[in-house]
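Protein chains: 2
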Amino acid sequence: MFGELNLARLKGFEKLTSIDNARSTFLKKLKLEKLQSVQIPTSMALGRVTAENVVAENDLPPFDRSAVDGYAVKAKSTFEASQFNPRTLKLTKNNKLGENEAREIWTGNPLPKGADAVVMLEYTKTRQNKIEVWTPVTPSKNVSKKGEDVKKGDIAIRSGTRLKPHHVGLLAALGKMHVRVVKKPKVALLSTGNELVELGRKPELSQVVDANRLILSCMCQELGAEPLDLGIAKDNLNEIDAKIHEGIGKADILLTTGGTSIGYTDVVPAAVNQIETPGVIVHGIAMRPGMPTALAVLCGKPVILLSGNPVAAMIGFEVFARPLILKLLGIKYEPRPMLEAELTQKVPSALGRRVFLRVQVFKREDKFFAEPVRIKGAGIISTMTKANGYVIVPEDREGLDEGESVTVHLFDKIGEAQHV
Amino acid sequence: MFGELNLARLKGFEKLTSIDNARSTFLKKLKLEKLQSVQIPTSMALGRVTAENVVAENDLPPFDRSAVDGYAVKAKSTFEASQFNPRTLKLTKNNKLGENEAREIWTGNPLPKGADAVVMLEYTKTRQNKIEVWTPVTPSKNVSKKGEDVKKGDIAIRSGTRLKPHHVGLLAALGKMHVRVVKKPKVALLSTGNELVELGRKPELSQVVDANRLILSCMCQELGAEPLDLGIAKDNLNEIDAKIHEGIGKADILLTTGGTSIGYTDVVPAAVNQIETPGVIVHGIAMRPGMPTALAVLCGKPVILLSGNPVAAMIGFEVFARPLILKLLGIKYEPRPMLEAELTQKVPSALGRRVFLRVQVFKREDKFFAEPVRIKGAGIISTMTKANGYVIVPEDREGLDEGESVTVHLFDKIGEAQHV
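Chains as they are written, first to last, in our numbering: chain A, 3 to 422; chain B, 3 to 422.
You may find that some hints are simply not true.
[Stated by the list, open to error] If you want the footprint, here are the derived chain B segments under chain A, 3+ residues with CB under 8 Å: (1) 24 to 36; (2) 153 to 166; (3) 218 to 228; (4) 297 to 304; (5) 308 to 321.
It should be emphasised that the hints constitute simulated quantities derived from the structure, not laboratory data.
The C-beta atom is built at its ideal place from N, Cα and C for all residues, glycine as well.
All chains, please: the whole structure from these sequences, using the hints.
Pasting the structure below:
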């Protein structure tokens, strides 16, 4: 019954490739080169990715130290202390502690020899050159043991770790002034389309300002990649060809937007195939938005031909470029924040396509809800600015039900009981 | 029965203030000045916060345009088309479309006059200067209507929005070369302690490298604040006093670490109170870690005296400094990513204290689990590097149960079925 229509569709894409097959075909054809590493000051390392294991050259803490303000003691001197029968200990300033002796100690101070515990100031009372101890302490009580945080020779931070504030702090505590990180992958960005003008130029009738490069540039920056701007190319084979050559020469990944539909303007795939055959290895993906996305390999480097529609370009980046950038950085797994939410309304979908449904997640009475943002139009940027995450509708579902529990991948913060 | 012990505890903090009371007392005493704004290029705006509503000066899309590659038509010319009885339309290149006419159109092109819908290329067949249409389209089908994304005069982005890639894209699409953002709040950072040395200097016995300033500096950067480094001060009233003066003069917020316990070294609160009375308005908070945290106001500006223990300092920052920085930026609500997870083991807690339990969240078989990281030691940085989030144990709970569902506040990415 649908023979004719399918034939008609064939005029578009011979067949749509599933995302999973597209990814694996792509990865097999690519010759990804390991990025070089660079030594940078620890103070500049936030957000960078370690290129090697960071090994502790000394114990942390470097000595047994007090975790509180109080009195260093031999624990056994306090065993019989209680709130009814305080033990009296003799205050000393010696570097070596004897039985029934105590010495003032501050948080972070090394324990004097002979001491094995600290009584908190609050559980003591001073009486001239003596103190009363009102609570027993066990050995090691209130003591941070040498090497308890990190042991000399231990791997403190693994290779492939994106450095967060606490990692940078650990590097500092270990005395590491420098850290070896992966160089930022370079991602060249090219927009194509006769209708596009640069931001700052006033568009004439039938022209629009190019937003795609700036969006993708920001997405690269968020991941710790370095965007390279190739500008806008007209829908002209030679112009696009020259830009692609430039991009492949300079960058680790090349992203183009526009000119990928099987229409009158599928000039970008043609330009790619003119450079190397077969350049384009997948064209037409069973996803929505982003169906006209194409994947190509030139000189072993990945070239991702994204839709000219901003939202489709963002989703295409998410699905194909993001994992590659992370791979180049040496990061094994870095999903966006995810949460489970209850879908507020039924959503239709297309069997056989993976659909990326934009939703607004909000919290109400300690429960998370996901409200679908109007789906229409992969060109409608406000469907992204009104959303804060997306839900994946798998290929084998015709839609999602109202009240269904869904996993949301967050790309912006969660709102408080707000409505779309 | 605990009279004596409580008396002893009084020697520490007269009383512990709850976090909620501490916050509201603090906010009442502060005279937070609105930060100035600055106009910056849109291309530099990622992560900045809008200082005013961004109003669209034109419609987006600026004209009715095609959302697909295909043929512009009058919808009613196609109403009787079907896969069995295609309608034949005459191809034209005119700028005005008549009945039973069609004109080639690319994605993004403006609709010719008279056209109100687009038939996708896939549902047509060309026959010389005619096309066969195999499917009916309704008016507006495959058309992005003028102003459908954003209407002229609409608020496209609200004041107080942290700009993500899609916001920056929307600014570009609207032709905004510049955007007015809030100036970065300045946060002065001072570490205190005789035991501290700067990163890069070799610590002698009983010395440690200061990690706190670098950690807090990174936390500021993550929030879009500008850290100002005041260095390290010895536990000396005059030295600290001078640094605090410097910080208050330069910055919007001053954070100190160390020297806040009611011990021998509570020199920072003393220095603050020497400058203004009462400088310190809350000292001793019913939280763990971070109990010795103090809140002070100097010249109407917030001064937060954090613990010298790195983990306690981080949690103190999270609880008191983070909300202030967001408030200064004009952001109403920006929680960390949160998720619900199942606690893998029972955790004891202290009634009357709010406990910030570090956990490692991982996903196994589509379910999130939170595994508590060894709690001991607010000085143990690796309890943060091994964790990726924290769970709040409220004041009225003595602990959490194994298998209990908890909300995790994430400060790092989620791992895949990994164990602590």
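Tested hints:
Evaluation of the coverage hint for the segment 24 to 36 of chain B: breached, as 0 residues show C-beta separations to chain A shorter than 8 Å, against a requirement of three. Only when three residues or more bring their CB closer than 8 Å to a CB of chain A does the claim for the segment 153 to 166 of chain B stand; here the count is 4, and the claim holds. Counting residues of the segment 218 to 228 of chain B whose CB falls under 8 Å from any CB of chain A gives 6; the rule of at least 3 is met. Look at the segment 297 to 304 of chain B against chain A: 0 of its residues bring a Cβ nearer than 8 Å to a Cβ of that chain, fewer than three, so the hint is violated.
A count of 4 residues in the segment 308 to 321 of chain B with a Cβ less than 8 Å from any Cβ of chain A is obtained; the coverage claim is therefore met, three being the minimum.
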